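Each protein sequence line maps, in turn, to chains A and B.
Per the working numbering, the very first residue in the first sequence carries number 6; after that it's consecutive.
Per the working numbering, the very first residue in the second sequence carries number 788; after that it's consecutive.
Calculated directly from the structure, the hints in this document are not laboratory data.
Since the model is a prediction, treat every value here as computed from it, not as a measurement.
Each hint should be verified, as a subset may be incorrect.
[Said to hold, decoys possible] Label pairs and their computed distance ranges (CB to CB): (1) Val84(A) to Asn968(B): 34 to 40 Å; (2) Ile92(A) to Thr842(B): 19 to 25 Å; (3) Phe46(A) to Phe1028(B): 26 to 32 Å; (4) Phe74(A) to Lys803(B): 43 to 49 Å; (5) Asp8(A) to Met830(B): 32 to 38 Å.
Backbone N, C-alpha and C fix where the C-beta goes; we use that ideal spot for every residue, glycine too.
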Amino acid sequence: MKDDIFYKFIFRFTGDLIIFFSVLFCPWWITVALVFFAVIFFNNFIEAFFAGLLIDALYGTPDSLLFGFRLFFSFAFFVLWLFATLIKRKVRIFEV
Amino acid sequence: MDYSLHHNRKPKKGGKFFFLVAFVMFLFFTIFPPAFNAFSKGMIFLVTPFWNAETAFERSIHSGFAMLSSKAALEEQNRTLKEEIAELERDMQGYNMVVQENIELRKKLGTKKDGGIFGNVISRPNTTPYDTFVLDIGARDGVYVKETVIADDNIALGTVETTYGNNSKVKLFSSPERTTNVILEPSNTEIQVTGNGGGSFYAELPEGIDVKKGDAIILPGEPGYVIGYVADTSATVSDSFRKVYFSGPVNIFTLKLFQVIKNKGAAVELSDSKEQK
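So that you can see chain A by itself, here it is in the shape it has in the complex (with noise of 0.2 Å):
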């Protein structure tokens, strides 16, 4: 049980690094595409809503025309956590 529980750590927390190293180095849509993933196969994948966060602060501007507010990412990724919840919670579904 342990060791369960250590390994989805070690699982998550390697998915969590590339999330954040693909916000820094990869394409814009590698990234929606890895959190897209990573919502559907990790329990309650907040670190989604993160990662928004964080492509909106490093490079949105102040004025970012996008849609028209300069927390698009973020707002996207967290709504896309709320439904994949939502729906987990009605499907059958493999999840780490």
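Assemble the complex: chain A is given as a structure, and chain B must be docked to it using the hints.
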């Protein structure tokens, strides 16, 4: 084992807490933009070492590959480079004459080009979704908001939108839906172009305006920095208007060095706002 198809799981512990944390942060940053600016500044400060490490790693990889090149390949490269140098020296003679003539003409016209500050790109579009660049120069180097950023001496790319101590964010003229007033050459017509993302622009022009593929668009004022060239004129919007597409003169995805130009517009804007963003 549970093979039941019915699956109405209860939410796992922590879900509501995480939701509240994220929601409160989102509201806080939306309602108090200065807090988000401070957060942004902190994040830039924290990740800059990672970006610097990537740049150093990239350079070491390049030098490593250079060392591994075979002798024959190096000889061939040497011969080609010598030929190129000879050709460039011939071109240079003509170029020096043009530069000299240009300086004299500028003296006669009484115009003066202010010195710029050079900066390296540490993050560029494709990684940045908002068509922005992050540079390794900032307020400490004398970079101010709204200053024009150029590349290759005469190509304008965007303006500084935010400055931090050692970094600054540059928003490209081609950022989606950003509008810029430009002069269409050679007809010398003032038009407004709209950013399309990825270094491209578009404009809806009356049919009467003479425009053809390859025409340049430049920023008004002296010197007229080029921001793009006409790429396509075929799209028709209506009987009297047509949509013209422009492409940037350089590949923004591979740029490594920028120059921030001290312009009067920045000074005026700064004196109005009294503070740096």
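We went through each hint and held it up to the structure:
no., hint, in the structure
1, Val84(A) to Asn968(B): 34 to 40 Å, "37 Å, holds"
2, Ile92(A) to Thr842(B): 19 to 25 Å, "41 Å, violated"
3, Phe46(A) to Phe1028(B): 26 to 32 Å, "49 Å, violated"
4, Phe74(A) to Lys803(B): 43 to 49 Å, "26 Å, violated"
5, Asp8(A) to Met830(B): 32 to 38 Å, "35 Å, holds"
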